[in-house]
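Student: These protein sequence lines are chains P and R, in that order.
Here the first sequence is numbered in our numbering, starting from 1 and rising by one per residue.
Here the second sequence is numbered in our numbering, starting from 95 and rising by one per residue.
It should be emphasised that the hints constitute simulated quantities derived from the structure, not laboratory data.
Glycine is no exception: its CB is placed at the ideal position from the N, C-alpha and C atoms.
Be aware that a few hints might be false.
[As the list claims (entries may be wrong)] Some chain P residues well away from chain R (every beta-carbon gap over 12 angstroms; in silico): (1) 15; (2) 59; (3) 61.
[As the list claims (entries may be wrong)] Under 8 angstroms between C-beta atoms, here's a sample of chain R residues computed to sit facing chain P: (4) 135; (5) 138; (6) 139; (7) 148; (8) 347; (9) 386.
[What the hints assert, rightly or not] When the alpha-carbon atoms are kept at most 16 angstroms apart in a straight line, the in silico EDC-like pairs for lysine to aspartate or glutamate are as follows: (10) P/47 with P/14; (11) R/143 with P/14; (12) R/155 with R/179; (13) R/506 with R/464; (14) R/141 with P/14; (15) R/516 with R/301.
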Amino acid sequence: MHLYQILRRPLITEKHTILQTQGKYAFEVVAEASKPQIKQAVEKAFKVEVAAVNVMIVSGKRRSRGRRQLPAHPWKKAIVTLKPGDKIEFFEGV
Amino acid sequence: MVKVTNDKTENSQVFLTIEMAPAEVEESLEKAYYRLVQRTRIPGFRKGKAPRAILERHIGKESLFEEALNNLVPQAYEQAVKEQEIEAIAQPRIEIAQTDPVIFKAIVSLKPKVTLGDYQHIRVTPEPVAVTDSDVDAVIEQLRHQQATWEPVERPVDFGDLIVLDIESDTAGKPFINQKGAQYQVLHDLSFPVPGFAEQLAGMKKDEEKEFKLQFPSDDPRDELAGKEASFKARVSEVKQEVLPELSDEFAREVNPDFKSVDSLRERVSSDLKLRAEEKARIDFEERVIDAVVELSQVEFPPILVEAEVHRILDQRFQRGNQALEEYLRSINKTEEELHEELHPLATRRVTRSLVLAKVVEEAKVEVSDSEIDIEIGNMTKNATENKDKLEKLLNTPQARESIKQTLIARKAIQLLAEIAKEVKEIKTLQKEAQK
Numbered sequence: 001m002h003l004y005q006i007l008r009r010p011l012i013t014e015k016h017t018i019l020q021t022q023g024k025y026a027f028e029v030v031a032e033a034s035k036p037q038i039k040q041a042v043e044k045a046f047k048v049e050v051a052a053v054n055v056m057i058v059s060g061k062r063r064s065r066g067r068r069q070l071p072a073h074p075w076k077k078a079i080v081t082l083k084p085g086d087k088i089e090f091f092e093g094v
Numbered sequence: 095m096v097k098v099t100n101d102k103t104e105n106s107q108v109f110l111t112i113e114m115a116p117a118e119v120e121e122s123l124e125k126a127y128y129r130l131v132q133r134t135r136i137p138g139f140r141k142g143k144a145p146r147a148i149l150e151r152h153i154g155k156e157s158l159f160e161e162a163l164n165n166l167v168p169q170a171y172e173q174a175v176k177e178q179e180i181e182a183i184a185q186p187r188i189e190i191a192q193t194d195p196v197i198f199k200a201i202v203s204l205k206p207k208v209t210l211g212d213y214q215h216i217r218v219t220p221e222p223v224a225v226t227d228s229d230v231d232a233v234i235e236q237l238r239h240q241q242a243t244w245e246p247v248e249r250p251v252d253f254g255d256l257i258v259l260d261i262e263s264d265t266a267g268k269p270f271i272n273q274k275g276a277q278y279q280v281l282h283d284l285s286f287p288v289p290g291f292a293e294q295l296a297g298m299k300k301d302e303e304k305e306f307k308l309q310f311p312s313d314d315p316r317d318e319l320a321g322k323e324a325s326f327k328a329r330v331s332e333v334k335q336e337v338l339p340e341l342s343d344e345f346a347r348e349v350n351p352d353f354k355s356v357d358s359l360r361e362r363v364s365s366d367l368k369l370r371a372e373e374k375a376r377i378d379f380e381e382r383v384i385d386a387v388v389e390l391s392q393v394e395f396p397p398i399l400v401e402a403e404v405h406r407i408l409d410q411r412f413q414r415g416n417q418a419l420e421e422y423l424r425s426i427n428k429t430e431e432e433l434h435e436e437l438h439p440l441a442t443r444r445v446t447r448s449l450v451l452a453k454v455v456e457e458a459k460v461e462v463s464d465s466e467i468d469i470e471i472g473n474m475t476k477n478a479t480e481n482k483d484k485l486e487k488l489l490n491t492p493q494a495r496e497s498i499k500q501t502l503i504a505r506k507a508i509q510l511l512a513e514i515a516k517e518v519k520e521i522k523t524l525q526k527e528a529q530k
C-alpha cells in the first residue's frame with residue numbers, strides 16, 4: 001500500500017477541534033493501515049514530526065436506506081499526536 | 095474612528111468618502127462571527143460551537159465580511175453624516191470601493207434648495223375666452239349626427255353610407271374576415287380592415303357582388319399581416335343613407351325634453367362651451383403662471399427625488415404588483431429603464447413645480463383651516479348618494495384629512511399666484527408692506 005493512500009480525510013468536528021489545542025489531529029485512515037504507516041504518512045504530507053499515533057475502529061451506525069436499516073461500514077480512526085510546537089495548518093482557517 | 099472626506103457637493107448631493115479604521119472593522123467582524131455562527135449549521139459541530147476559522151472556511155470569508163459591513167457601514171455613515179453636519183433626506187447610495195482598509199463612498203441627498211424669484215411681480219395675461227357661432231354650429235351638427243336615422247335607399251353605395259354586406263376574404267391562403275350581414279360604414283381614408291377597402295365598395299349597387307385584391311401596408315401594426323395581399327369577395331345586401339333630423343324645435347326636444355326651441359338649445363350649447371373653454375383657459379393660465387414662477391426661481395434638488403417621482407408616476411399608472419406594467423412594456427417594446435428615461439423630463443418638471451409651490455406656500459404663509467377641510471369634505475360627499483356615511487367616514491380619517499389639506503394648500507397657492515399674475519393681489523400686499 002502506498003503512503004499517499006493511507007490518509008483518507010481529516011476529521012474536523014467539535015471534539016477534534018478541542019483536541020487540536022493539545023496537538024492532536026484526527027484522520028480517517030484506511031482499515032489496513034498500521035500505526036507506523038500512519039506516522040510516516042502524516043510526517044510526509046504535512047512536514048511535521050509525529051510523537052504518537054492512537055488508532056481505533058469506529059463501528060458503523062445503522063443507516064436507514066429506504067425502508068430497511070442497514071449497518072454502515074466500520075472504519076479506522078487515527079489520532080495523531082504531534083511533537084509539541086508542531087501544527088498542521090491545513091486544519092485551520094484558509 | 096472613521097475618516098471622512100467630503101469630496102464635493104453637486105446638485106444637492108454630497109459625495110463622501112469614508113475610511114474605516116482596521117481595528118473597528120476587526121471588532122465588527124468578530125461580532126458578525128458571533129451572529130453568523132449561531133445560525134449556521136456546520137457538519138461536525140453543534141450550532142454556535144464552530145470556531146471562527148472553521149466558520150470562515152465553511153461560508154467563505156466574503157460572507158462574513160459582508161455581514162460585518164452590513165452593520166458597520168450604516169453606523170459609520172451615520173457617524174460621518176453627524177460629523178459633517180449634513181442634513182440627509184433619504185437613504186444614501188453607498189458603494190464599497192475597497193475592503194482593505196475598508197473605504198466606501200456615499201452619495202447623500204440633501205434637502206432641495208429653492209430660491210424664489212420676484213414672484214410678486216409676475217404678470218401673465220389670461221387668454222380671452224370666445225365661443226363663436228361656428229363652434230356652436232359644429233356641436234349642433236354633431237348632435238344631429240347622433241340623432242340621425244339610417245334609411246335604406248336604392249342607389250349605388252356612396253361615402254357616408256352604412257351598408258350591410260357579406261364578406262369573404264383570405265390572405266395568403268388563410269381566412270381573414272368571413273362574415274355575413276356585417277355592418278360597415280363607408281368612409282374616406284378608413285384603414286379598417288385594409289386601406290382602400292371603403293373606396294372599393296363605393297359605387298357598388300345593392301345585391302352586387304365584387305371581387306378585389308388589396309395590399310396591407312408594410313407598416314401595418316398587425317405584424318403578421320404587414321405587406322401581405324388579401325383577396326376579398328363582397329356582396330352588398332343593403333345600402334342605408336344617413337338622414338339628419340331637421341333643425342327644428344322638435345329636434346331640440348328630442349335631444350333633451352327641457353329644451354323648448356332651437357334657440358334654447360343653442361343657448362345651452364353655447365353656455366356649456368363657454369364654461370368648458372373658461373375652465374380650460376383657467377387651467378392654462380394657472381399652468382403658465384406656475385411656469386413663470388418656476389422660471390424665476392432657482393431650484394436645486396438631488397436626482398433621487400426625480401427617481402422617486404418616476405416611480406410614483408408608474409405606480410399610479412400601473413397598480414403595484416400587477417402584470418400590467420410588464421405587458422405595457424412589451425406592447426411598446428421598451429425596457430423598464432427606457433421607460434424611466436422617458437418619464438424623466440416629466441418627473442423633473444413635476445418635482446420642480448411642487449418644490450416651487452411648496453416654497454411659495456412657505457413664504458406666503460398659505461394656510462388651510464380645519465373648517466375649510468370640512469367644507470371640502472362636504473363638497474366631495476355632496477354628490478355621493480348611496481354610501482354617503484361611509485365615504486364621509488373614510489374622508490374623515492386623519493390621513494385623508496391631511497391629504498385633502500395638502501390639495502387645498504396647493505390649490506390656494508396656485509390661486510394666490512394667479513391673483514398676483516392678474517394684478518389683483520398686488521394692492522393688498524403693497525398695503526401690508528406699507529403697514530410694516
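Student: Decide, hint by hint, whether the structure agrees.
Tutor: Hints versus structure:
1. Not every beta carbon of chain R lies more than 12 angstroms from that of residue 15 of chain P, the smallest distance being close to 8 angstroms; the non-interface claim is violated.
2. With a cut of 12 angstroms on Cβ distances, residue 59 of chain P stays outside the contact zone with chain R, its closest approach being about 19 angstroms.
3. The claim that residue 61 of chain P lies off the interface holds: its Cβ sits roughly 15 angstroms from the closest Cβ of chain R, which is beyond the 12 angstroms cut-off.
4. Because the beta carbon of residue 135 of chain R sits about 12 angstroms from the nearest beta carbon in chain P, more than 8 angstroms, this interface hint is broken.
5. The interface hint given for residue 138 of chain R is met, as the beta carbon of that residue sits about 3 angstroms from the closest beta carbon of chain P, less than 8 angstroms.
6. A distance limit of 8 angstroms between C-beta atoms decides the matter here; for residue 139 of chain R the minimum to chain P is near 5 angstroms, and the interface restraint holds.
7. Taking 8 angstroms as the C-beta contact cut-off toward chain P, the hint placing residue 148 of chain R at the interface holds, the least distance being around 7 angstroms.
8. The beta carbon of residue 347 of chain R is not positioned within 8 angstroms of any beta carbon in chain P (closest approach about 90 angstroms), and the interface hint is therefore violated.
9. Look at residue 386 of chain R: its Cβ only gets to about 67 angstroms from chain P, farther than 8 angstroms, so that hint breaks.
10. Distance restraint check for residue 47 of chain P and residue 14 of chain P: the Cα-Cα separation of roughly 25 angstroms exceeds the 16 angstroms cut-off, and the hinted pair is therefore not satisfied.
11. A distance of roughly 7 angstroms separates the Cα atoms of residue 143 of chain R and residue 14 of chain P; the hinted pair therefore holds under the 16 angstroms criterion.
12. With a CA separation close to 35 angstroms, the supplied pair residue 155 of chain R and residue 179 of chain R exceeds the 16 angstroms bound.
13. The suggested pairing of residue 506 of chain R with residue 464 of chain R holds, with an alpha-carbon distance near 14 angstroms, which does not exceed 16 angstroms.
14. Of the supplied pair hints, the one linking residue 141 of chain R and residue 14 of chain P holds, its CA atoms being roughly 10 angstroms apart against a limit of 16 angstroms.
15. This hinted pair does not check out: residue 516 of chain R and residue 301 of chain R have alpha carbons roughly 67 angstroms apart, beyond 16 angstroms.
Going through the hint list in order, the structure does not satisfy hints 1, 4, 8, 9, 10, 12 and 15.
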